[in-house]
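K.L.:
Grab the two chains, each in its own frame, and use the hints to assemble them into the complex.
One letter stands for each residue in the lines below.
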Amino acid sequence: MQILIAIIIGAIFACALYMMLRRSIVKLIMGLALLGHAANLLIFSAGGLARARPALVAPGASSPPIPYADPVPQALILTAIVISFGVLAFMMVLVSRAHDAVGTDDIDEFTSTDR
Amino acid sequence: MTLLAVVISGFLLAIGAPLVARVLGRALPGVPSLAGWVLAALPAAIAVWLVMQVSSVGHGETISVVYPWVPGLGIDLAFMLDGLSLLFALLISGIGALIFIYAGGYMAGHPHQGRLYAFLLFFMGSMLGVVLASNVLTLFVFWELTSISSYLLIGFDHRRAAARAAALQALLVTGLGGLAMLAGLLLMGQVAGTYSISEMLASPEVFRSHALYVPIVILVVLGCFTKSAQFPFHFWLPGAMEAPTPISAYLHSSTMVKAGIYLLARMTPLLGGTELWQWLLTGAGAVTMVVGAVLAMRESYLKRLLAYSTVSALGIITMGLGIGTTGAIEGAIAFLLAHAFYKGSLFMVAGAIDHETGEKNVDKLSGLRASMPLLAIVALLAGASLAGLVPFAGFVAKEMVLEGTLHASELGPAAPALLTGALLLAAALLFVVAGLVTVKPFFGGARPTPKKAHEPPVSLLLGPLVLAGLGVVIVFVPGVLADPLIGPAASVVVGEALHTHFALWHGVTLALGLSAAALLAGLGLYVARGKWFGLMSRFAWVDRVSPSAVYAGTLRFVGELAVSQTRLLQNGKLRDYLITILLTTILIVGYPLVAMVGAPSFERLAPLHWFDVAIAGLILLSSIAAVTSGSRLMAIIALGLAGLGVTMFYVIYAAPDLALTQISIEALSVVLFVLVFRRLPDFRSLSTARSKVRDALIACAGGAMMGALVLMATSFASDKSVSRELAERSYPEGHGRNVVNVILVDFRALDTMGEITVLALAALGVYSLLKMRRRPEVGAEAAGLEVGRGAGVGPAVGSGEVSA
Numbered sequence: 011m012q013i014l015i016a017i018i019i020g021a022i023f024a025c026a027l028y029m030m031l032r033r034s035i036v037k038l039i040m041g042l043a044l045l046g047h048a049a050n051l052l053i054f055s056a057g058g059l060a061r062a063r064p065a066l067v068a069p070g071a072s073s074p075p076i077p078y079a080d081p082v083p084q085a086l087i088l089t090a091i092v093i094s095f096g097v098l099a100f101m102m103v104l105v106s107r108a109h110d111a112v113g114t115d116d117i118d119e120f121t122s123t124d125r
Numbered sequence: 011m012t013l014l015a016v017v018i019s020g021f022l023l024a025i026g027a028p029l030v031a032r033v034l035g036r037a038l039p040g041v042p043s044l045a046g047w048v049l050a051a052l053p054a055a056i057a058v059w060l061v062m063q064v065s066s067v068g069h070g071e072t073i074s075v076v077y078p079w080v081p082g083l084g085i086d087l088a089f090m091l092d093g094l095s096l097l098f099a100l101l102i103s104g105i106g107a108l109i110f111i112y113a114g115g116y117m118a119g120h121p122h123q124g125r126l127y128a129f130l131l132f133f134m135g136s137m138l139g140v141v142l143a144s145n146v147l148t149l150f151v152f153w154e155l156t157s158i159s160s161y162l163l164i165g166f167d168h169r170r171a172a173a174r175a176a177a178l179q180a181l182l183v184t185g186l187g188g189l190a191m192l193a194g195l196l197l198m199g200q201v202a203g204t205y206s207i208s209e210m211l212a213s214p215e216v217f218r219s220h221a222l223y224v225p226i227v228i229l230v231v232l233g234c235f236t237k238s239a240q241f242p243f244h245f246w247l248p249g250a251m252e253a254p255t256p257i258s259a260y261l262h263s264s265t266m267v268k269a270g271i272y273l274l275a276r277m278t279p280l281l282g283g284t285e286l287w288q289w290l291l292t293g294a295g296a297v298t299m300v301v302g303a304v305l306a307m308r309e310s311y312l313k314r315l316l317a318y319s320t321v322s323a324l325g326i327i328t329m330g331l332g333i334g335t336t337g338a339i340e341g342a343i344a345f346l347l348a349h350a351f352y353k354g355s356l357f358m359v360a361g362a363i364d365h366e367t368g369e370k371n372v373d374k375l376s377g378l379r380a381s382m383p384l385l386a387i388v389a390l391l392a393g394a395s396l397a398g399l400v401p402f403a404g405f406v407a408k409e410m411v412l413e414g415t416l417h418a419s420e421l422g423p424a425a426p427a428l429l430t431g432a433l434l435l436a437a438a439l440l441f442v443v444a445g446l447v448t449v450k451p452f453f454g455g456a457r458p459t460p461k462k463a464h465e466p467p468v469s470l471l472l473g474p475l476v477l478a479g480l481g482v483v484i485v486f487v488p489g490v491l492a493d494p495l496i497g498p499a500a501s502v503v504v505g506e507a508l509h510t511h512f513a514l515w516h517g518v519t520l521a522l523g524l525s526a527a528a529l530l531a532g533l534g535l536y537v538a539r540g541k542w543f544g545l546m547s548r549f550a551w552v553d554r555v556s557p558s559a560v561y562a563g564t565l566r567f568v569g570e571l572a573v574s575q576t577r578l579l580q581n582g583k584l585r586d587y588l589i590t591i592l593l594t595t596i597l598i599v600g601y602p603l604v605a606m607v608g609a610p611s612f613e614r615l616a617p618l619h620w621f622d623v624a625i626a627g628l629i630l631l632s633s634i635a636a637v638t639s640g641s642r643l644m645a646i647i648a649l650g651l652a653g654l655g656v657t658m659f660y661v662i663y664a665a666p667d668l669a670l671t672q673i674s675i676e677a678l679s680v681v682l683f684v685l686v687f688r689r690l691p692d693f694r695s696l697s698t699a700r701s702k703v704r705d706a707l708i709a710c711a712g713g714a715m716m717g718a719l720v721l722m723a724t725s726f727a728s729d730k731s732v733s734r735e736l737a738e739r740s741y742p743e744g745h746g747r748n749v750v751n752v753i754l755v756d757f758r759a760l761d762t763m764g765e766i767t768v769l770a771l772a773a774l775g776v777y778s779l780l781k782m783r784r785r786p787e788v789g790a791e792a793a794g795l796e797v798g799r800g801a802g803v804g805p806a807v808g809s810g811e812v813s814a
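Residue numbers (the working numbering), protein chains in the order written: chain X, 11 to 125; chain V, 11 to 814.
Chain V extracted, bound-state conformation (with noise of 0.2 Å):
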């Protein structure tokens, strides 16, 4: 029940929170910063509940809760606590709870304060959802609602386009990968019978030995890449700077972007394991790893170059996930803690730097230490465990993923050099993010910035600075939060109870060693960057051809394909959507006709009378002189002779009630097309002969098709149940002896109040199209005009009485 309440009260909470917020600032509004506080009670009651389970599930132990959603299709709305959802929920909500404190110091005195806690709470509990979900369907739905929150929280300043084209962007992206996501669990779901993930659990090798196998791997890791960021896919996390910093700081360094992550690490039991699984984690987290740290170098604005260290990050972690030794495994759920910790403390960082300074520019920023000492401090804590150094959680947690690379060897005998020297490459430049973003602004002298420097408030400092404390703490103290923590999510992936350690000192070992090259490296590279910088935008070229060029060529080509394509269909010619609609129908009713049901038996033929034949040709030939006739007058009575061929059917084959509204109705219609139609222009001949033939042909095609049509419903005796029943009950429940009549007024008397209905609408406006005031140009008809009113307005209230 607590579990269901976790989830659903951030949901709840976003109801009223735009109402909290207003009602906050007008109370107290000396401090605008007070909603933030408030608010995040609720994430911080959840990180205390959570911290309660941390023995028991520590232990093994597994709280779940199943409430059935839609039991006929096996979709339960259910929940489960096992070590790896609390250490993403504990992450989300602990986190979250810091983050509601910032926004408050972030946003204070913007208007629309109270909707980013909206949409901040919404997206808690949508993560929240996903990370607890055990049922891979309720998570599909969660993972979705992240995604519709992260559009609303990226495009929150919705006034600027490039806010919006960047939320669009990475709602396309992570709701393609989605889609491709729901193709793979169902897929899981049908192979596995069950779309509850501990009842996979239970018999996970079935995945494996699956024809199915591959693909479901292949649909399950694009949402996960997509969501994570993982190359080709990184390109949206850059782009989402868009938003305001909290945002940044809480989706895109330590939550959302750690879904993609999670699923994958959820998934390991079950998909983990092959080949294929491995080469795709492990390839896709390397190339990510080197290439977010690469593109990194060519930025100069705070958040972008944290967003492309978090890319590389988010690589690292994969590519521990792939390589699927229960060291590496270890390493990258420790790296996804420590990543969490500093990365949403330099987010926040970066946020005050901005907020206090109004410059959001590495290459303008100089000498802060003096005017902001303690954001000084919180960063360079923070700064310290991405750059990786002794004693801060990056150190130790990058120690744990080098022992993982260095003991690769399962993925062939070049892995692991090839991996560990990547990594390499990747923890030097990340040095570097770490001193431009660190040490960069805070060092050197004083530059003048747009605005004033000061220290933050309390509310922008409390973030951060928790959050850079704890990446010392967990090293010093791994007792209190790492290893609980770390060694039952690392058991839930592996899949056997793990003890892990997270351990400062190792003793001198290769990995300390090449740690130590690889910071010196980067050292030596930060503090040559003037020199290498320069070269970085020699490669503009590959801005051409990036993924992100792709998927704004794609982007363009659907929007002029759409274009082009609306164009052609949506030409404002009735004629056009007539013979679309035509041989469209034609193709899929006269395909099967043909192909499918075969030819007609005409064993029970009703004999052939000489009055049929002449009924017959009085209907074909009035017919074909009403579409011959050039002459309006004659087209109308050809079309009266017909009318009464029709009537003169009905008389033949007992219905009397047909023939005798039909020959009314006839009657009625040949008087108001004469009125009518003679105040309009003569026929005249409008088409080209070469369409008078092509529309022949056509009109020709669907005739036969009717005709066959009919020919096939009348060799078939048809079930005449329902009509035996009314028929048999007309007269002693509907007292009448005319069954159709019955039918009419008593057994579908409903039918017919919609019939009355529709003559009904059909007088008023006819009546008030007449009525409606002409024109002074055209007022010269008005004598025409009179007569048409009389016709129209007659017939129509008279076939109401026809009906009755």
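Excised from the complex, chain X in its bound form (with noise of 0.2 Å):
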């Protein structure tokens, strides 16, 4: 399993480096956001893979029943994912205007707003 979760980030990695070294600005995003799966994912395993239990306290019991997933990586996770929407919101948004006033969605001709 390590190993296909190895395989898998590794992929998305690929994919994600390939889309930000595009001259679309629009690929560039996509890449972003792929970039971002991967991070997570990278963070996630790296607190262990097990099929467990989630970390839920039964109602009676102080604590999760062993074996439980660590609930660290998670908490770490789901404010990246919700920071990087927020952010991937600001960057589309930025692009379209930036689209506007550049004309173009060419990276490299990006190099002046007064045209």
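No wet-lab data here; the hints were simulated from the structure. From the three backbone atoms N, C-alpha and C, an ideal C-beta is built for every residue, glycine too. Mixed in with the good hints there might be a few duds.
[Stated by the list, open to error] Derived list of chain X stretches under chain V, where covered just means 3 residues or more per stretch with a C-beta under 8 Å from a C-beta of chain V:
{"no.": "1", "region": "50-60"}
{"no.": "2", "region": "64-75"}
[To be verified] Using 20 Å as the maximum straight-line C-alpha spacing, the simulated SDA-like pairs for lysine to any residue come out as follows:
{"no.": "3", "chain 1": "V", "residue 1": "K583", "chain 2": "X", "residue 2": "P64"}
{"no.": "4", "chain 1": "V", "residue 1": "K583", "chain 2": "X", "residue 2": "D118"}
{"no.": "5", "chain 1": "V", "residue 1": "K702", "chain 2": "X", "residue 2": "I117"}
{"no.": "6", "chain 1": "V", "residue 1": "K781", "chain 2": "X", "residue 2": "V105"}
{"no.": "7", "chain 1": "V", "residue 1": "K583", "chain 2": "V", "residue 2": "V703"}
{"no.": "8", "chain 1": "V", "residue 1": "K583", "chain 2": "X", "residue 2": "F120"}
{"no.": "9", "chain 1": "V", "residue 1": "K730", "chain 2": "V", "residue 2": "K702"}
{"no.": "10", "chain 1": "V", "residue 1": "K730", "chain 2": "X", "residue 2": "P64"}
{"no.": "11", "chain 1": "V", "residue 1": "K730", "chain 2": "X", "residue 2": "V105"}
{"no.": "12", "chain 1": "V", "residue 1": "K583", "chain 2": "X", "residue 2": "D116"}
{"no.": "13", "chain 1": "V", "residue 1": "K461", "chain 2": "V", "residue 2": "H120"}
{"no.": "14", "chain 1": "V", "residue 1": "K370", "chain 2": "V", "residue 2": "E465"}
{"no.": "15", "chain 1": "V", "residue 1": "K461", "chain 2": "V", "residue 2": "A118"}
{"no.": "16", "chain 1": "V", "residue 1": "K730", "chain 2": "X", "residue 2": "Q12"}
P.N.:
Next up, the structure:
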């Protein structure tokens, strides 16, 4: 399983990096979205992969029944997912405005806003 | 305590000095030089206190104070007053007091007079710190402060490009030397196990036998040579003549340029006594002495003439320290004292001439004795000392150094003759300088000057008069200033109690005869100067290979290198930046991963299920589709599918909160992508096939590295103590059954607060971008914007709800 997850994360990273290296700004942003997935999975798998129960405390108990999934990476990723969405929304509007100002989606031509 | 006050008071008064100058200028506008007189009180008070210590320090007592600064690193704010420090501190404060009075007259009416006082006080405090410091790191801090204050002072007239360039040159040359010195001092600290100079002096032999001795000497000496303008670093000193004269008289004749000398003297008991030390100092000193004197012959501006003669004098002192015999060291210290008196005086005379006539070129000055007789007398008194005439301090000091060179046989059989010959040549040329600076302007027929020449005011006369007078007094009454200062200072350098006598008459000696011969030669050269000065212009080619040309070339090269490197690295192409960052990361993360950690262990592999493979296949295929698709819509859908795969992964691996959040966000993202990007042009193929292959290779390398990182990370058992503790405290303390939620809203609530802030800012940004007034020519697209607005704000607000 670890080998499989390593391959998946590596593949998403490769796809994300390739898209970020494109000249189209739309692809750059899609690449960033993919990169977010890959990074989240990286943190997730670094916490140790085990098909366990979620870290939920049953009524009457004081701590979750062992074994339970590590809650710390999950908390981190939850924050990351939400923030990356905020950034994504901001970026998309920014790109749309930049496109209006510059008149192109080719990053190499983003040299001046006075066209 | 007083010692700390001596060092700190200059810095404190510097803060208030501009205010003092302004208030006094307003209160008594009739006396523009008043502020100088008032501010001179501080250095004068310091000098008086130091004089009161002369008798006790002269008997070998040392006053020292230590304040812990960074105790963990062995750095103390430590000061001590011994014979060597006392001599230098007295010169700094005593001449400082005269300089403040002089500056008051020289800068009278200048709008930035207060600033000059502040810089001068700043400098004085730094300089006192250097000579009083008893911890090498304290010393270095103040050493650098002198460089900074000298930068400010040389560039005081900052509207002139020449002044700025000279200030920068002095800063770069002395600053680079200072860095080398810091390295040397740190090595010394490593070797000795302490940064305290007094503790180092307790066991000085550790340095000479240590393997690091040679680098230590070279680094420390580099700092001293740059500061004290030794060849080949001498060129910044004449350049520094761009500064107003009070500054040249203070920094560049009597104090700052002597900081290097001070440190050489201070280090002699620790590092001296070896062939390396002797040859370095004697060689550099002798070359500097001759080069300075010869180069002076090409100058016709008063201050530059004096600057080159200062270079020569600094060479003489360094050479004396290098020879290292008791007599030579006594001679060097005596020469330092005599030089401080006459050179400080001569600089102030040169400034007074410039101030009262408006002319600084010696060739155009003549017959001033009629209009400024007092200044002429002062100039002749100081000039006689520079020329080395009987009975002036310059003569006595020169005799002492001559005795030193004549007995320098320790350096080799030819050394006495060579060094003595070089010293006599320099002495003869310095005689010519003295004639040019103090005889030529005042005698002969009077010539018209830009300003009507008249006697300078008291403030401009007092300083040079006192210093020139001292040059005579110490010869006839050596028991008052010369003997009590020179002996104890030389004792510190030599390491045994000395009772030096600054005697005018040593009997008929070889030194006396040689000295007389040098004076006659100098007189001949001065009288016949019309015949041979012209020859100096034939050596203009020297300027092209001189150290200052090397400096200018280096500075230009560094500038060009910076420009070309910036063009290469900061080329404005996002992709190139990304590639640089990626390759660097791949190298510095990937290399240790492969080379140091080794292969991951596969012992704790979790079993593989069919749905794992199915989800992996979904993520993999949809990611590749997002990359390769030529249609925007297809790419967006593929991206959404990949996100869905990730969500399912979270479901399987027991992360329900993540799965819920991810799926909502994924849905919103797809909607957002479609709404916004449908207004943008369709995908085109912009890159060449070659760059696509290159990018693919880089991306695959990056992916492979991240995959390897995951393998590594998952093959080690991670520490679960934090997770366990949080899980156990979740219900009892956080009153929540979902541990992930409790972490977010309770244990790490501040992080979540930050997250909400980021979202709020993003929402604000989106809103203001959409509200931004559009320019008329793109108004046609306004219809598209309406959709974008609704889409942009909605999800951003919605995301806040998701997180809550």
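K.L.:
Given the hint that K730(V) pairs with V105(X), test it: the Cα-Cα distance must not exceed 20 Å.
P.N.:
With a Cα-Cα distance of about 42 Å, the restraint between K730(V) and V105(X) is violated, given a limit of 20 Å.
K.L.:
Is K730(V) within 20 Å of K702(V), Cα to Cα?
P.N.:
Violated, at about 43 Å.
K.L.:
Go check the region 50-60 of chain X versus chain V for me, would you? Three or more residues, Cβ under 8 Å, otherwise it fails.
P.N.:
holds (count 10)
K.L.:
Checking one constraint from the list: CA of K583(V) to CA of F120(X), max 20 Å. Satisfied?
P.N.:
9 Å, holds
K.L.:
Establish whether the coverage given for the region 64-75 of chain X by chain V is satisfied; the threshold is a Cβ-Cβ distance below 8 Å, and no fewer than three residues must meet it.
P.N.:
holds (count 10)
K.L.:
Would the hint linking K583(V) and V703(V) be met if the CA-CA limit is 20 Å?
P.N.:
Between K583(V) and V703(V) the Cα gap is close to 18 Å, so the pair holds against 20 Å.
K.L.:
Is the Cα-Cα distance between K730(V) and P64(X) 20 Å or less?
P.N.:
15 Å, holds
K.L.:
Next pair to validate is K461(V) with H120(V); report whether the Cα-Cα distance is within 20 Å.
P.N.:
18 Å, holds
K.L.:
For the pair supplied as a hint, K583(V) and D116(X), is the alpha-carbon distance within the 20 Å limit?
P.N.:
11 Å, holds
K.L.:
Hint check: K781(V) vs V105(X), CA-CA at most 20 Å. Holds or violated?
P.N.:
15 Å, holds
K.L.:
Does A118(V) lie within 20 Å of K461(V) when you go C-alpha to C-alpha?
P.N.:
Status holds; Cα separation ~17 Å.
K.L.:
Would the pair K702(V) and I117(X) pass a check requiring their Cα atoms to be no farther apart than 20 Å?
P.N.:
16 Å, holds
In summary, the numbered hints that this structure violates are 3, 9, 11.
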